[in-house]
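Protein chains: 2
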Amino acid sequence: MRKVVVLSGGIGPRWGRWEKLTGREGAALAAKEAIERAGIEPRQIQAIFVGNALAEAEKQGHIGPIIATELGIPEVPTMRIETACASGSSAFREAFVNVAAGIYDVVLVVGVEKVTHIDVITATTYFAYGMDQVYEARNGASFPGVYAAMAVAHMNKYGTTEEQMALVSVKNHTNALHNPKAHFHKKITVEDVLKSRVIAWPLKLYDCSPFSDGAAAVIVTTEEFARKYTDNLVYVIGSGRAGVQMALPERDDLTSIKATTLAAREAYRMAGIEPKDVDFAEVHDCFTIAEIIATEDLGFFKKGEGGKAVEEGLTQIDGKIAINPSGGLKAKGHPVGATGVGQVVEVWEQFNGLAGKRTVPGAEIALTHNVGATGGTVNVHIFRRG
Amino acid sequence: MRKVVVLSGGIGPRWGRWEKLTGREGAALAAKEAIERAGIEPRQIQAIFVGNALAEAEKQGHIGPIIATELGIPEVPTMRIETACASGSSAFREAFVNVAAGIYDVVLVVGVEKVTHIDVITATTYFAYGMDQVYEARNGASFPGVYAAMAVAHMNKYGTTEEQMALVSVKNHTNALHNPKAHFHKKITVEDVLKSRVIAWPLKLYDCSPFSDGAAAVIVTTEEFARKYTDNLVYVIGSGRAGVQMALPERDDLTSIKATTLAAREAYRMAGIEPKDVDFAEVHDCFTIAEIIATEDLGFFKKGEGGKAVEEGLTQIDGKIAINPSGGLKAKGHPVGATGVGQVVEVWEQFNGLAGKRTVPGAEIALTHNVGATGGTVNVHIFRRG
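Protein sequences appear in the order of chains A and B.
At position 360 of the first sequence (counting the first as 1) the number is 485 in this note's numbering, and the numbers step up by one without a gap.
At position 259 of the second sequence (counting the first as 1) the number is 384 in this note's numbering, and the numbers step up by one without a gap.
Excised from the complex, chain A in its bound form (with noise of 0.2 Å):
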């Protein structure tokens, strides 16, 4: 196994609602930005790996040889992964493999997302089939739904409350003011959360991450490709993966997605570093709450304590351990595919001085956690600065 090193990355056009985009379009450009920051020509490129969940969406799938020949390479192997909410992060995994593996020296992962020329009603339907179709969906369940009986489940158990999970939306607001390619840029209360409109109880608007246009773009190496371009080495050090029983009313526990724990295990493993280790992290938090399981099941806090975490500012960029200095799914937005493709480049971009007032000061270990769904797939890595 060789040592991996993400190279570099690009957003391309900022998420949000892409009004004269397509999807390939957005797609091509966040791969330019990475080739071009990398400093490679595409042609040096030997495979494609694509997060892309909601092919109906533009009537589009199969979308890596598009993507390829948008940048003028049409004959390197594309392949497109879907996973749900984790479909970036699961490509991310497969070029991590393939490069580790020594079958390609230099990987292009591209995550792309255009959602919002269709209506909600109809882009939640098609989130849907992200979940269990004939456990969940048909029977009428959609995702602010399930995270919603998750939340309930946490606070009935620990005492966790709305005002914490608001904080979580309010943080990750602020965090996101300093986010140029962020959905939103709008500094929001406690009450705003609040006093927004409930989707879910206990979820409010506030609460939910967005349906937003985006895509996300890295360039994966081997060591000894990435030193010809740069000294500032981003290696990947960990990666671990696993699942659960895609529907929740058949799990034991729904206060913990135990592919998350499952998952962390076996990156912390190949990192051979503990939860404490970690610097900042960019986590799942598809919803407040979300984000709330996910610090305590990566080991960040004890069971129960995350919401405790937030309100003592625990995971602010100046806390404890920073989460989601990005802005998170909440405010730097969700474009299904591309989000888990996203962390990584906030992990580059943070590594690499790229990112002004949202750096986590000394950071040297950062960890990126993507959900599909409500945990079918759970996809953990861990990267260390060179």
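Just so you know, these hints were derived from the structure itself, not from any lab.
Copies of the same chain look alike in the list, so a pair counts if it fits in one copy or across any two.
Straight-line distance between alpha carbons at most 27 Å, and here's what the computed DSS-like set of lysine-lysine pairs gives:
hint	residue 1	residue 2
1	K184	K383
2	K128	K157
3	K157	K383
4	K433	K320
5	K311	K482
6	K383	K445
7	K383	K282
8	K433	K445
9	K311	K145
Please arrange chain B on chain A, whose structure you already have, making use of the hints.
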């Protein structure tokens, strides 16, 4: 890189029109058959890669965790891979890479599609998501149309005839008579093909592969692990991938799929063999012309002589090189995401004395060729009887 072995394969329920089975059920049955034939327990499986193209048909994306749950191993990480009609072989590829790299020792690959419950127009629309929506589908192109364009080009340049194409169909229907899991068990004549209704000239109904429901599964593992369960090893000795401009209008030549040539070259090089060493091949005959083009691009016949080769019987089971002994997409059926995995199952059955009257006598080396759309993705794999 470790040596990689296909330990077992299974089709599960016969391909065709599933009246009562859902995709998830069919996928689980195929997986269980592969697991039983391997003689292993589900808990020994460390990862699952799923080829599945048309999530829309059952409104179920992210199908990996559902299959894992059906097998009683919900915590095993899964990944759905979509590269249109090449989804199954792309999933197989990642299993190969992960085992070769030492990431996993035992991997399950499942391909599945359930599509016959929706009407043909809708199914055709969903299929067309696999081509270029902007430059092809939106302008009225469908798969029969673009392959018809390739057929016309091949006829014009090389004198390939409608009768030669019909003979591909006749051969594959004949082979499928001996495949109990094939969609069609129907002997046909050249006259039947020529007189069947025109779909997109020169392609008639019997030049076209069907919409099939179906699944397929294989267990991919190391030589060391496999030896504990069998003496009859099926090695994966070559793997190649490539793409080409997705939209037909962007290409220089319609008589060849360049991605096939490139993927084959890579696979032959890895395997250390030449086309003449291949004893039989399962190739992507989504339309009869596609088989003729494939046998040329794979190097079995000189360019332009694929039609003549069929006419001379060279591609029959007892010919120079048996092409599609299983019956191929044309007659075995084409359950999109399952097709590429089903090709590997055929190789495994051939090499394990389970192919009955369709057995290719004395075969030692086999090749599989799976195409996404008109070549946006092509995967070629080569196998050797151990």
